[in-house]
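Keeping their order, the protein sequence lines are chains Y and W.
Going by the working numbering, the letters in the first sequence line up with residues 1 to 192, in that order.
Going by the working numbering, the letters in the second sequence line up with residues 193 to 399, in that order.
Be aware that a few hints might be false.
Stated by the list, open to error - Computed cross-link-like contacts, SDA-like style, restricted to lysine to any residue with a CA-CA straight-line distance of at most 25 Å: (1) W/Lys-392 with W/Glu-336; (2) Y/Lys-5 with Y/Arg-37; (3) Y/Lys-5 with W/Gly-396; (4) W/Lys-390 with Y/Asp-52; (5) Y/Lys-5 with Y/Val-26; (6) W/Lys-392 with Y/Met-1; (7) W/Lys-340 with Y/Glu-7; (8) W/Lys-263 with W/Ala-276; (9) W/Lys-263 with Y/Arg-81; (10) Y/Lys-5 with W/Pro-349; (11) W/Lys-367 with W/Arg-294; (12) W/Lys-340 with Y/Leu-40; (13) W/Lys-367 with Y/Leu-56; (14) W/Lys-392 with W/Asn-331; (15) W/Lys-340 with W/Leu-395; (16) W/Lys-263 with Y/Val-80; (17) Y/Lys-5 with W/Arg-294; (18) W/Lys-367 with W/Ala-333; (19) W/Lys-263 with W/Pro-365; (20) W/Lys-263 with W/Asn-287; (21) W/Lys-392 with Y/Arg-81; (22) W/Lys-390 with Y/Arg-51.
As the list claims (entries may be wrong) - Label-pair ranges, simulated between beta-carbon atoms: (23) Y/Glu-27 with W/Ala-207: 44 to 54 Å; (24) Y/Ala-28 with W/Arg-266: 52 to 62 Å; (25) Y/Glu-41 with W/Ala-379: 47 to 57 Å.
Simulated from the structure, these hints should not be mistaken for lab results.
Idealized CB from N, CA, C, for every residue including glycine.
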Amino acid sequence: MTTEKREFLASQYADGTLDADRVEAVEAMLRDDATMRAALEDHRRVTAALRDRTPLPAIRWDQLADAVSQNIESAEEERVRGRFRMPAFARWAAGAATVAACAVVGFLALRQTSFKESANPGLVAAARSIVVTGPLAEASIDGKPVISVSIAPPTTVAGLPPMAWDELQIAPSQVLVAGGEPTFVPDPFSGQ
Amino acid sequence: MERPVNETARTQPSATGDLTDADLVARTLQGDRAAFDTLIVRYQRQAVAVSYRLLGNINDALEVTQDAFLKAYRSLNTLQNPAAVGGWMMRIVSNLSLNHRRGRKVRSQLPLDDVLGPQAEQNSAGAEWMRADHDPSRNLAGRELGEKLQQALAQLPEKQRDALLLFTVEQLPQKQVAEILDCSVEAVKWHVFQGRKKLKELLGDAM
Numbered sequence: 001m002t003t004e005k006r007e008f009l010a011s012q013y014a015d016g017t018l019d020a021d022r023v024e025a026v027e028a029m030l031r032d033d034a035t036m037r038a039a040l041e042d043h044r045r046v047t048a049a050l051r052d053r054t055p056l057p058a059i060r061w062d063q064l065a066d067a068v069s070q071n072i073e074s075a076e077e078e079r080v081r082g083r084f085r086m087p088a089f090a091r092w093a094a095g096a097a098t099v100a101a102c103a104v105v106g107f108l109a110l111r112q113t114s115f116k117e118s119a120n121p122g123l124v125a126a127a128r129s130i131v132v133t134g135p136l137a138e139a140s141i142d143g144k145p146v147i148s149v150s151i152a153p154p155t156t157v158a159g160l161p162p163m164a165w166d167e168l169q170i171a172p173s174q175v176l177v178a179g180g181e182p183t184f185v186p187d188p189f190s191g192q
Numbered sequence: 193m194e195r196p197v198n199e200t201a202r203t204q205p206s207a208t209g210d211l212t213d214a215d216l217v218a219r220t221l222q223g224d225r226a227a228f229d230t231l232i233v234r235y236q237r238q239a240v241a242v243s244y245r246l247l248g249n250i251n252d253a254l255e256v257t258q259d260a261f262l263k264a265y266r267s268l269n270t271l272q273n274p275a276a277v278g279g280w281m282m283r284i285v286s287n288l289s290l291n292h293r294r295g296r297k298v299r300s301q302l303p304l305d306d307v308l309g310p311q312a313e314q315n316s317a318g319a320e321w322m323r324a325d326h327d328p329s330r331n332l333a334g335r336e337l338g339e340k341l342q343q344a345l346a347q348l349p350e351k352q353r354d355a356l357l358l359f360t361v362e363q364l365p366q367k368q369v370a371e372i373l374d375c376s377v378e379a380v381k382w383h384v385f386q387g388r389k390k391l392k393e394l395l396g397d398a399m
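Chain Y on its own, in the form it takes in the complex (with noise of 0.2 Å):
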């Protein structure tokens, strides 16, 4: 057998990981070779001078729990909120299509718009007032024209399910022009 793994063999019995049908083969060959007794001492000394020089720094152990505690806590909650935060990606896809609908709808608020009788009116500007010509503009409730006038898409009419436009015809809002001045009427279905 080599030095070296007699060697071997006295560091793994310093460790005691020697294999217990070993042990009694190694404790005889310590007792007849000197140079392998030394090794022993040197890997014993050596562990020991690992031990008693390479303490680990003072550390506070309870304010360290409680650090990683609040840590946790602190981890845990800004997880939960971020559950209910739109990605930022999703946020600027938002905010611009805000500015959008903005100058779309100050766009048509701005100008006098004309209807036309259509199957699909279309989405109307929230105006203030809407000038109205064409066969809509003649229909007339007690003398004072009336026109149906739908001002939100589909999608958005509380409390119904997703309609097509033709749907919503059924249920449309009224603007009902007098005087030049439109008063508008709430949409019973759609609370506006």
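Dock chain W against the given chain Y, drawing on the hints supplied.
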């Protein structure tokens, strides 16, 4: 091995301190945060020690320990053997430590000034091995040996140093060290043997 002292209300284990690891895991999964706090108290010292031995930097070790406990808390439901939560946590600690060592990415969220004791070295200058012991009760010869030991450890190959510190100093089971170092138990024995032999050569008469 010193035992952690816990005297604060937040992590007071009075109601859960006598429970087994398996019971604590079960309670945690049922929503009992105090049960997990007891696990923190029970394993924080070993977690810091393992991470510190792998990273050689106490600041990094504390950050990794924090991350490891958070990761353990969030993935506790994946633990197949609740009774082995200690070893499972140490694997998380060691994996995060080794990743940290590879990436050398430093994050700081813990109030380290409150956590580190008055004699602890605060090293933020990158990874270094253990500072010399500045305990005034130690004699000069002891301090010199400590410094030489640190210098010698720094010269060892990484696997030998890791095996020595985890097995010889922290006295982790060889099987656990083998899992951490991703090698066989026989390889751990060989690394320990070669590491100690090399240290003896480097330290020479100082030993």
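Please name the hints from earlier in the document that this structure breaks, with their numbers sorted from lowest to highest.
17, 18, 21, 25
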